[in-house]
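Chain by chain, the residues run as shown.
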Amino acid sequence: MDVKSLLVVVVFAACAPAACAPAARAPSVPSVALTGDSGPIDARALVEGAPYTVITFFSAHCPTQAAHDARLVALYERYAARGVRFVAVDSERDASLARDDAERTRRGYPFSIVIDADASLARALGAENATYSVVADARGRVLYAGGIDSDRTHLTATATPYLADALDDLLAGRAPRVAEGKSLGCALQTKR
Amino acid sequence: MSLRRSTFLEVAIAVAIATAISAEARAQSCCAGAGALTPGRLAPHEDALVGLSSRVSTVFGQFKDDGSYASSPSGTSEIDLEQDVFASLRVLRRGQVSLLVPFVETRRRFPSTGAELGGGLGDVNASARYDFVVAGSDRYLPGIAALAGVTFPTGTPPDSARKPLATDATGVGAFQGNLGIAIEQTFGPWLVNATGLVAQRLARTVSPSPNAPAIHERLGAQWSFIAGVARSFPDDSALALFATYTTEGDATIDGADATGTARRSLLVTAAGVLPLDDRWRLQGGASFQPPVSDLGRNQTAIAGLTWTLVRSWM
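Protein chains in written order, with the numbering used here: chain A, 1 to 192; chain B, 1 to 314.
It is worth saying that the hints were derived from the structure and are not from the lab. Where is the CB? At the ideal position from N, CA and C, for every residue including glycine. Do not rely on the hints blindly, as some may be mistaken.
To be verified - Not close to chain B: a few residues of chain A, all C-beta gaps over 12 Å, as computed: (1) R82; (2) A98; (3) A119; (4) A172.
Stated by the list, open to error - Cut-off 20 Å, straight-line C-alpha distance, at most; resulting in silico cross-link-like pairs (SDA-like, lysine to any residue): (5) A:K182 to B:D47; (6) A:K182 to B:R311; (7) A:K191 to B:L141; (8) A:K182 to B:W280; (9) A:K182 to B:W313; (10) B:K64 to B:W313; (11) A:K182 to B:D277.
Just chain B, with the same shape it has in the complex (with noise of 0.2 Å):
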């Protein structure tokens, strides 16, 4: 007999950490994909589920190499759409495997160039989730879930653009793996949750004209921590509010560091799951990053929302 549960507050929880880690890829560099997660997590009672989602978000500032803070110019804006197919299946006794297909566009507007509008396939991720100890199931161990992920190189990198605005970009151009630890607990109602993610991409060689020689890029190691709550209700929809920090080391050109290629960024997600009957849900996220300097480094700041249709079955 396997273990299950009623609630949707892992459901909810993935939601929220699927919305930050895409909306962080977005804001870096139109990576597609949620990376270790997607947000075809399966509750414990479900065998296998197929969804849809689409994502909204602009572009509202800066944040600089130096930490500081600053707001879109004038007569600027982007807007940056994502829609995804995805695929969870079940597998041993508490293990799940996730396939995620992401198309993307991207509009961008400037004073002197007018508006922009690209797009296409991303980066397809799969990723993979095993609950070694699961949430609530005892007083004092916390559930334990080990993450895995690759994120393969299907989509348009930036150096691959061939729009002037580079709308058309829908992809980092390397190969990505992550993995990651989660640890959540439940208390009734309420569950915590924290988790961290490691994504490192693989080296790509880059031509960036044609009279240029090729350089060998490698984007830093991204670490990833995330930290929130969710509460289930009595109809089983549930609500959580997460934050999510992300930090990049410098990328390495040729083999050299390249100094001053660092990120960071905060991003805070709040996210929902409202069950349409046993088998259709509703997900939902908005996902926000406060313009403060230091508090982003290299990336742009973004506020998104994302909404989701699940079919699951039992």
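Next comes chain A alone, as it looks inside the complex (with noise of 0.2 Å):
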């Protein structure tokens, strides 16, 4: 076998199924365990009993999540009077309870902090990369999903605000203007 011949069968034997295919995003937020401060919690009881619910995808290490920490708050701080609920989960290989609660304390987020151990969410919620977060009504049926805005890590005053936008829309009766966003953080490092 030569060079060029062994080269194919190495890259096609390495990518896996689950690693090379796109992500298919599941139409409702699933029943899988997460951890939270008191103990274990189904995803689906995230949004339980609030009228939509925004989950967002969270890296402790990735520069947008940073430049994003106070346009979170700021967002909870508009809706979360609204009725509209926050909730952070933490997908990567090295998240902990004590790691990730002494992040929410440094950010200064108003939420929580939820681990998603296996990646189990965040596969079947189609979040690749940090600050992607869905909008999910109380059913769980997810309503919007991708960036935070269209700004990576230098924040504009003209960046598209995709959730902002989707909540608006979302608490006027409207279906969002764009049910898709970019999401542009970094990629979670997840066990598997």
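Reconstruct the complex from the two isolated chains, following the hints.
The structure is reproduced here in structure tokens:
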């Protein structure tokens, strides 16, 4: 077998379907096990009882995450009073309750960070990178998925506020003008 | 939803690799272009970019055919300059294609001839990359990418140079194909990379002089092995450090091996990326061939700097 053929074999053998196929997003929040400050929690429980819930995927080491901390807090302050629930999910392999609790305090998050230890929720919702966010209704239907806005690490006043626009539309009884926004954060370093 | 990632680790590595390969090419025989890799590697969140790169390098010694190193003789000097215009475009979900157009200038000086300056269009390079697995997306499976490129003989080969010191030679004179594989993995803010490349040039006919018969020459296959590490920082900047080992077999002339023409070299490169905002970034690198005998063969020893300005679209 010549070198070129060997390269092709190695590449395709290493290309496991789960890694190479595009991530397909589930239409609703699945019932998967997460871990919160109070212990185990089902992902469906995150959305029950609130008209809309923002689930945002968190990475402790991502510059885009850090750049959006203030904007996430501002979104919470703007929409929590209107009944929107916020929760961050840490699906990375180095996640821990102690670390995430410290991060939540340091970043001033008024919402909790729960752990998605085996990245089941991330895979189900198509989350491949930090700051990827979904908006789900009380029945768990995903109505928006994508980035918080069109900025990455250098924030501008002219960024397209995908998440805010989606929440405004939903609270006004409309379908989100953009159902899938572009997400620009770091790749989530999950266990698998 | 496509895979996106906001660190510039991959870009820093691409800068380091491109700096290393381009420096190596310059040391060989004024090949321009960076083979299968260009300074225009797209970060995972980018869809397209254009850029302008500028390189300067100086020759400070020579590795002879027996591998021994000697400093450049007193009174001699060579400074190599290159400016590249390049563009990259995202294709499919994890692929990218790039085009690089180089402009090459060389200044040589010998005590007997004085200084001479020449240059022109170099060898244009087209390349492609496909990431089958993105680094960091799996705990155990590293990122795996296939690399390919073609270099076109758009420059002036050495045998067609008109100036006495051949400073107007800007290309190899032969088509070159490149294939490679890159493996990389992330660990928090760190990324490690190993890349293997093989380049093969097509044979060409050379006429040494009007009265001499033409000869058919083909440069030996060139293998490059690159290994290094990069680190990203909270402001999304990144630094990378790499070593590149390149080995090339004997050339063939009229079908027979030209014994003693094989080459090898070791190049150490440091590179970095500094985002100016979400769409503009500065990239830079410094490369150096350790002047230690047996680390090179049939090569000039160079030290160089590269700086690049990139405008991207997300």
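Quick rundown of the hints versus the structure:
1. R82: Check passes; 27 Å lies beyond 12 Å.
2. A98: Given a closest Cβ separation of 17 Å, the condition holds.
3. A119: 10 Å, violated
4. A172: 25 Å, holds
5. A:K182 to B:D47: Cα-Cα ~12 Å, so holds.
6. A:K182 to B:R311: 19 Å, holds
7. A:K191 to B:L141: Since the Cα atoms of K191 of chain A and L141 of chain B sit roughly 10 Å apart, the hinted pair holds (cutoff 20 Å).
8. A:K182 to B:W280: Within the cut-off at roughly 19 Å; holds.
9. A:K182 to B:W313: Roughly 12 Å separates the two Cα atoms, so the pair holds.
10. B:K64 to B:W313: Violated - the C-alpha atoms of W313 of chain B and K64 of chain B are around 46 Å apart, more than 20 Å.
11. A:K182 to B:D277: Holds - the C-alpha atoms of D277 of chain B and K182 of chain A are around 18 Å apart, at most 20 Å.
Of the numbered hints stated above, those contradicted by the structure are hints 3, 10, listed in ascending order.
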